[in-house]
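**Student:** Okay, here's what each chain looks like letter by letter:
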Amino acid sequence: MIDSPQPRAVKLIADLPAGAAALVHSLTGGHDFCSRMANLGFTAGAPITVRQNYGRGPIVVSVRGTLVALGRAEASRILVRASEA
Amino acid sequence: MTQPLRQPVTPTRPLPRPNLRLVQPACHDAGPGALPHPEALTFALVGQPNVGKSTVFNMLTGLNQHVGNWPGKTVEQKTGTFRFDGAAANLVDLPGTYSLTANSEEERIARDYLISQRPDVAIAVVNAAALERSLYLVAELLALDTPLVIGLNMSDVAAQHGIHVEPHVLEAALGVPVVPLVAARNEGIRDLVAAAFKLAYDPAAFRPNRPVIRPEHQPVLEQLVEMMGGCACDRYAADWSAMKLLEGDAEVTAQVKGSVAPELWNEIHKVLLQHEDAYLDIAGGRYEWIGRMVRAAVTQPRAGAVTLTDRIDRVATHPVFGLGLLLAIFGLAFALTYAVATPLAEWLSEVVLGGLAGLAATLLAGAPAWVSGLVIDGFIGGAGTVLTFLPILAIFFALLGALEDVGYLARGAYVMDRFMHLMGLHGKSFLPLFLGFGCNVPAVMGARILEERRARFLTILLAPLVPCTARLAVLAFLTPAFFGSRAALVTLGLVALNLVVLAVAGIVVNKVAFKGEQTAFIMELPLYHAPNLRTVGLYVWNNTSSFLKKAGTFILLSSAVVWALSNLPGGNPETSILAMFGKALEPLGALMGLDDWRMIVALLSSFFAKENTIATLGVLFGAPEAGASLATQVSAVMVPAASVAFLAAAMLFIPCLATVATIKQETNWKWMWISVGLLLAISLGAGVVIYQGLRLIGVGV
Chain W
1 MIDSPQPRAV KLIADLPAGA AALVHSLTGG HDFCSRMANL GFTAGAPITV RQNYGRGPIV
61 VSVRGTLVAL GRAEASRILV RASEA
Chain Z
86 MTQPLRQPVT PTRPLPRPNL RLVQPACHDA GPGALPHPEA LTFALVGQPN VGKSTVFNML
146 TGLNQHVGNW PGKTVEQKTG TFRFDGAAAN LVDLPGTYSL TANSEEERIA RDYLISQRPD
206 VAIAVVNAAA LERSLYLVAE LLALDTPLVI GLNMSDVAAQ HGIHVEPHVL EAALGVPVVP
266 LVAARNEGIR DLVAAAFKLA YDPAAFRPNR PVIRPEHQPV LEQLVEMMGG CACDRYAADW
326 SAMKLLEGDA EVTAQVKGSV APELWNEIHK VLLQHEDAYL DIAGGRYEWI GRMVRAAVTQ
386 PRAGAVTLTD RIDRVATHPV FGLGLLLAIF GLAFALTYAV ATPLAEWLSE VVLGGLAGLA
446 ATLLAGAPAW VSGLVIDGFI GGAGTVLTFL PILAIFFALL GALEDVGYLA RGAYVMDRFM
506 HLMGLHGKSF LPLFLGFGCN VPAVMGARIL EERRARFLTI LLAPLVPCTA RLAVLAFLTP
566 AFFGSRAALV TLGLVALNLV VLAVAGIVVN KVAFKGEQTA FIMELPLYHA PNLRTVGLYV
626 WNNTSSFLKK AGTFILLSSA VVWALSNLPG GNPETSILAM FGKALEPLGA LMGLDDWRMI
686 VALLSSFFAK ENTIATLGVL FGAPEAGASL ATQVSAVMVP AASVAFLAAA MLFIPCLATV
746 ATIKQETNWK WMWISVGLLL AISLGAGVVI YQGLRLIGVG V
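Protein chains in written order, with my numbering: chain W, 1 to 85; chain Z, 86 to 786.
If we strip away everything but chain Z, and leave its shape as in the complex, we get (with noise of 0.2 Å):
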């Protein structure tokens, strides 16, 4: 018989309200934000990537969720409400760590905010088709105090891949309430969360069976326990430290260090340095304890079974047929926005946005000319335009989403892998590079799952070469007119310049600033399963909401100043301010054969949002008239040539301000202005060169 190696602590706190927090410890940084009920319960939800918990959380929360990072983190934090029977509940979703070692920021906010937070209940959801290495982190949070159930997601999936799982067996042998669920369906969520109440009224219930250490190691961590017995680190109970510091926890190991006398730190490091391999066995002897879990609950599917996932893989991750699978989708991708969105953007610029000018236009026919002016040039023109993207911007998340959701992403990682070495990065900066066809800022904040500052870094100088949603728009809306039957030709060509100028960057600024460097590669590959509406939808939602929020106060704003700036002194934009400034800037547009100051101007004001080109655009050539878009007026001020090195310029352009703040806050000054810096050379060298060679070889002049 081995001893726990944490007696089940009885909880001291009052029923049946568990949680008073009436003791906060002083030190608490990883805490969320002001909870939206902050007497009502509170549960965190925990668990692995790949298992389900975003899911869980969305079914839960709906639209009652907050989006946001971490208190002075660069991790990012969900939170939400829900009702159940009619008591409202608060509901933190922790981030996806395999463990709760504090190998990564993520496994610290988690860990921190479980021990110093104190959630009522802890709710943890384990993927059955990878049960065992799901319980991995099971284990380690029952090393901690707070009570937890378990929801067994995925048993649809495992059943596919002839995995089945006793939820009662596993319930008894780990003493954890285990309820099963296929959250996707909604199915089980209420029984989960019913589960999560009753312990949270009444956590004496919880006695669960604790794993404990291999009895070999049992005497050294004793013996740290009992060295550590003096130190003031009150944040851990010590028996909890004295693993830790055995696992080689950087925080732990930091925090004993500066809370003991150097002598006896020096005898808790010799102890250490005796042992230094004990990680291992530690990591091994949860995985025994886990095994022991569930071999009676588990049964395995026969060996040599090919699954759906294999069959998938067979191609999706082929070196030649994968790569050929992801060229496919993101053909269709764009086949779909040009089919689908890009009609309906141009129904709602002639027929609603013109529409609505003429309703403007009778109802402020007694109003001041500015007024009126400010309105339907400013307003409907300007940020009225950028609002029919919304359809273009729709259809690209719902895909990214769905592509996301289905477990295909992180193939299209590993075939790209071999691409990305290139650049001395792997495939899982693919990920965030890929989310920039959604939106920079996402594909800047998506480089945070890289464990390598160097590769980091260089991948948020690369995202922005990632042409987002919102220049795809820009070039779904201007090249119809500019280029007709031929601008999907056009368009996948720009496209492909961004993504060949973002390979080149990426080989020359690893050979000079990182000397060749490789990193290491290490990813997990979802089973496939179909995509969830829910889950689709509210990725879709969030994003476009966001979108929504920027055209309804950024966009509007700097429309309106954009419209000022080209309306003052006097009325007339062909001598305001905005067209001096664009007119002194006219030798440089020159070179790329742009001759009139307001396309300077529409691809300087990009910089503020990339919708911004086409507001900028829709208030100096007046809201669209009957028949005319706005591309057509706007086609018709230059030769093809300078077209083309405009949109190649517009594509590769400075990142807009969002972007460019995240740089800032995800690396520092230095890199942010290097960006920016590599970005403008690029961009109006691109147009440069591109209008000159097309008027060398004659080509669209």
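Isolated chain W (complex conformation) (with noise of 0.2 Å):
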């Protein structure tokens, strides 16, 4: 999904240190864990903010108000870019 003519910067929500704020870009991953995720408030364009992240084990997102534990292997599913400040 990475077409537009001047590619940001995406990465891993899993890769961003606590502290980070980005924008969503995509999902990765089967339909059920997309459409959840998306239910939950990760859609393209939806900023968040990583609130916890030790390098390994869980992680703490701030979406839309929330907050959402997700395990490693779930963050390494979310592709965010950097939000336009």
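These are computed hints drawn from the structure, not numbers from a lab.
Virtual Cβ for every residue (Gly too), placed ideally from N, Cα, C.
Just to be clear, a hint being listed does not mean it is correct.
Not everything, but these chain W residues come out facing chain Z in the computed CB check (under 8 Å) [to be verified]:
{"no.": "1", "residue": "Val10"}
{"no.": "2", "residue": "Thr28"}
{"no.": "3", "residue": "Asp32"}
{"no.": "4", "residue": "Ser35"}
{"no.": "5", "residue": "Asn39"}
{"no.": "6", "residue": "Thr43"}
{"no.": "7", "residue": "Pro47"}
{"no.": "8", "residue": "Tyr54"}
{"no.": "9", "residue": "Gly57"}
{"no.": "10", "residue": "Leu67"}
{"no.": "11", "residue": "Val68"}
{"no.": "12", "residue": "Glu74"}
If we take Cβ atoms under 10 Å as the criterion, some of the chain W residues that face chain Z in the derived model are [what the hints assert, rightly or not]:
{"no.": "13", "residue": "Gln52"}
{"no.": "14", "residue": "Arg56"}
{"no.": "15", "residue": "Pro58"}
{"no.": "16", "residue": "Thr66"}
{"no.": "17", "residue": "Ala82"}
Two chains, two separate frames, one set of hints: put the complex together.
**Tutor:** Structure follows, in structure tokens:
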């Protein structure tokens, strides 16, 4: 899905340090996973903030006013891009 | 201008009683059991998890609530009644779901109920602190016909986090009544109910601003509606079905597929394949619509503000401190139980039961010996002793309820995630297992929150290894007499043994049966808030009252049966049927140091209910005499090494009948037998190993 003329750097949410803010770029994985994440608010363009990431184990992300705990595997299936600011 | 997805539906139902339920669909499979007031108005309570929906339900219905299962489903159903200005009304609490796409059983039940049972009004509870996300469900609800009122809850929690919502602005934008509430302080609930009644009597006044699909998907949606035009699915309106088809909803897809000609389905399927990713855009479109709705109504906190939840979570979700906190909470729970509940239970046992036994002896002095025997040794010594557990249970459930209500339990699950991974499970499995400390039945049922079957089955298999309050109460009852000042230490050791066995069993079963697969971990961490006394109180009440019911019926009956079996034939316990049975098993008991047949019978009887261990001992040793409690009498027949072996075997024994039945209900026969067999082997094995081990090193013999 990286087909915009000037692709911004797309990263995995799992690779962002605590405190980093970004925008959801896209989701990878099966229909069920993507559907659940989209319903929770992880839709393209949604602003997210990583609240906790110790480099291993689960991470905490804030999306649309909600704190969501994600396993590292799940956090590696959400792609984000830098928020314009 | 975009065209509304669905024209506002003008209700054809007559006023002032809008819901006559003249036409019931033949296939409503998600209806609740009979409602207490069939002729009264019925309101459905809907909302996402962690929005305070159950607080609203508890505030409205109080003790007039019934907890059961949705017919034929393994999902909890709560129904209740309340009165408002003299009018009675039914309230059906629908499962908390994030959306109405049939990803889970809960979501299917919620939407089937709304579509086929047609409640008069749906009351949607939303969380002001997570407004956009909680309005996602509202956006889905607005695509259905049911009139809606919105309860804007937790504005106090939102304010603590710097979020302010203007209910009137939101109401104007949505065209749906929005009532601000703080459910935990019972503020605004009356206004919410008033708004619901008003709408029920005048559904024509419901003219919401319904969400629209993105313009680029409008043509395909219309195409699908047209293609399905001839199909016989009257259950869902065609445009709603078309949207759910686009969203890849499994249930609607199967329904449409089954009701149209195969050639037509091929055509529809082709269209759907071309729009495979539409579901993401539809979700995105809903959030865009929500963004427009809330823009004017919400003031967001300034960026970088440190909130209460942030401050607590620095400790509570820290990989090291968080674990320490969790252990500290466990320790506190045990300390509280020992400090407060155990003396109370002893007092009840010695003073109240002792007094009752004395009174019964006086009153029944003239009655036949078997009557006084049954009453004093059977009922008072058996079921009566079990009743003394009440303080222990009440304290445990109060702590559990408070931890849940405050929002802490999800943090416990989060810090436990990495340990649960060792067993191929993830943090969420910690929640049902933690419930197991209260009672194993809700723990087995609680495994429903796990989306994957593999994780659910493994969690169910492990749940009985969590020591429940009944077993903890047996421990709390027996250990002080067995081990004196070291009672707390032995108890902690036995609880730790259970948890170690749980971890080892989990790792082994995962490796052997599931080849070490892993599952997805996605869990909301609710914002912290003060516990609500009523919510916690009702939680304690619902759990202790079911215990009282069990003690009054099942345990009372089994006490009588144990008493009869231990006195027949001839009235001498030493030559009774039960004694012969217990003596036949003595070789097995001897391996654990249990030379007294009464101990073996007590262990076996715990299968019917864990409390039965004490009830049976109570019957077999006779009613407590003044000065010597039952526990002291029991401790006299065993050496300490055998006591430890006995307690370990009792802690690890086959789950009680109710739990086994629940395991069967939630899984299948095979898994139930695996569970029973595994625990029987573990329990007897542990008993033998501990006794023989202690004997070998010469401790406690």
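**Student:** Is the hint on W/Leu67 kept, meaning its closest Cβ partner in chain Z is under 8 Å away?
**Tutor:** 4 Å, holds
**Student:** A closest beta-carbon separation below 8 Å is what the hint needs, so does W/Val10 meet it against chain Z?
**Tutor:** Hint violated; W/Val10 Cβ to chain Z Cβ min 16 Å, cut 8 Å.
**Student:** Tell me if W/Pro47 is really an interface residue toward chain Z, meaning its C-beta lies closer than 8 Å to one of theirs.
**Tutor:** With a minimum Cβ separation of about 11 Å from chain Z (threshold 8 Å), the hint on W/Pro47 is violated.
**Student:** How about W/Ala82: closest beta carbon in chain Z under 10 Å, or not?
**Tutor:** 16 Å, violated
**Student:** Are W/Asp32 and chain Z close enough, Cβ to Cβ, to be under 8 Å, as the hint says?
**Tutor:** Result: holds, 6 Å to nearest chain Z Cβ.
**Student:** Once the shortest beta carbon distance from W/Glu74 to chain Z is found, is it less than 8 Å?
**Tutor:** Check passed: Cβ of W/Glu74 comes within 5 Å of chain Z, closer than 8 Å.
**Student:** Does W/Tyr54 hold up as a contact with chain Z if the rule is Cβ-Cβ below 8 Å?
**Tutor:** 6 Å, holds
**Student:** Quick check on W/Pro58 please, does its C-beta sit within 10 Å of some C-beta on chain Z?
**Tutor:** Holds - the Cβ of W/Pro58 comes within 10 Å of chain Z, reaching about 5 Å at its closest.
**Student:** Classify the hint on W/Gly57 as holds or violated, based on whether any CB of chain Z lies nearer than 8 Å to its CB.
**Tutor:** Holds - the Cβ of W/Gly57 comes within 8 Å of chain Z, reaching about 5 Å at its closest.
**Student:** Going by Cβ atoms only, is W/Thr66 closer than 10 Å to chain Z?
**Tutor:** 5 Å, holds
**Student:** Verify the interface restraint on W/Val68: the C-beta must sit less than 8 Å from at least one C-beta of chain Z.
**Tutor:** With a minimum Cβ separation of about 6 Å from chain Z (threshold 8 Å), the hint on W/Val68 holds.
**Student:** Any CB of chain Z closer than 8 Å to the CB of W/Thr43?
**Tutor:** At about 4 Å, which falls below the 8 Å cut-off, the nearest Cβ of chain Z leaves the hint on W/Thr43 intact, so it holds.
Going down the numbered hints, you'll see the structure goes against 1, 2, 7, 17, while the others check out.
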